[in-house]
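All chains should be modelled from the sequences, with the hints used to inform the complete structure.
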Amino acid sequence: MDWKHVVVLITIPTDKGLELADYIVKNKLGACVNVVPEVNSIYWWKGNIERDKESLLMIKTSLQKLEELIKEVKSVHPYTVPEIIALPILGGNEDYLRWIDDSLGL
Amino acid sequence: MDWKHVVVLITIPTDKGLELADYIVKNKLGACVNVVPEVNSIYWWKGNIERDKESLLMIKTSLQKLEELIKEVKSVHPYTVPEIIALPILGGNEDYLRWIDDSLGL
Amino acid sequence: MDWKHVVVLITIPTDKGLELADYIVKNKLGACVNVVPEVNSIYWWKGNIERDKESLLMIKTSLQKLEELIKEVKSVHPYTVPEIIALPILGGNEDYLRWIDDSLGL
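Residue numbers (UniProt numbering), protein chains in the order written: chain A, 1 to 106; chain B, 1 to 106; chain C, 1 to 106.
A couple of the hints might just be wrong.
The list treats identical chains as one, so a pair stands whether inside a single copy or across any two.
What the hints assert, rightly or not - In silico PhoX-like pairs for lysine-lysine, Cα to Cα no more than 25 Å straight-line:
#, residue 1, residue 2
1, K4, K46
2, K16, K26
3, K16, K53
4, K74, K4
5, K4, K16
6, K53, K28
7, K53, K4
These are calculated hints, taken from the structure and not from any lab test.
Quick look at the structure:
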């Protein structure tokens, strides 16, 4: 399978979510970002279980943009090791997938 | 990999989300729909950055139903180019995956 | 493609979501869980369309842990046939993917 598009998931403190979403769209790293305003996050950090409220970003983009997106988000994200994970898109509305590429100038 | 099931993501104005979810389940285009009531969406449209509140539908269905789901949703969705994207399912609770097919009459 | 990490989606009644998320992290079945507090779920059950409010868990874990996660969640989940589905991760922040494995003792 030759993956062309991905949904990228990123978590971030709730007061920074919209700002990062704007940054991603303005810099054409993603064509569309959905921000789930508040999720409860539970995870291991330095041997303890931590619980936080975070925003969850879901970014629709081209696989061609993934490396640049990861690099740019790491440079502006407040965490040392931010969650940035890409899920492959198997198919969908072909007009929408074309719109992703057009929006990104590809 | 021979993908059999998918999670389909669709965004829609917040006042139309439950109606579309009902339509999808009633017409056996998906076995189960989760509706995230409100997400903030940021995206390019005709050269400008737009910001909207939308509902996000997450539809659990069979890959066999994907083409019909896309066609039907495009015919009832208020947008010209609705987001309809399918993420492949790698595995899970086998009873649940069988239940998806049973619910869809496959 | 040799998939190494997955995002596992699980739905559960809203008053049990955080408890299950804690159980998963404490038992190192997942490195990080995001809980979307409330989604509207519409689905077929025994010939009728049901509507419920549920929490949605999104678990970041290694594919090596998937079978154990499914088995353990089935043993504590209140439903007969719980939704447990795994979406493959294509790539992302390599430090984060390594952190998943480290957190799980892999």
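*When no copy is specified for K16 and K53, does a C-alpha distance of 25 Å or less occur within a copy, between copies, both, or neither?*
both (12 Å within a copy, 17 Å between copies)
*What label fits K53 with K28 when the C-alpha limit is 25 Å: within, between, both, or neither?*
Answer is between; shortest inter-copy Cα gap is 21 Å, intra-copy 27 Å.
*Could you figure out if K4 and K16 sit no more than 25 Å apart (CA to CA) within one copy, between two copies, both or neither?*
neither (29 Å within a copy, 30 Å between copies)
*Should K16 paired with K26 be assigned to within, between, both, or neither, using CA atoms and 25 Å as the limit?*
Intra 16 Å, inter 28 Å, cutoff 25 Å: intra-copy only.
*Taking 25 Å as the upper bound on the Cα-Cα distance, should K4 and K46 be classified as within, between, both, or neither?*
Between copies only: 23 Å across, 36 Å inside.
*Checking K53 and K4: alpha-carbon separation at most 25 Å within a copy, between copies, both or neither?*
Cα proximity of K53 and K4: none, with 32 Å in one copy and 27 Å across.
*asked:* Regarding K74 and K4, is the shortest C-alpha distance of 25 Å or less found within a copy, between copies, in both, or in neither?
replied: Both ways: K74 and K4 sit 22 Å apart in one copy and 22 Å across, limit 25 Å.
When the structure is compared with the earlier hints, violations turn up for hints 5, 7 and for no others.
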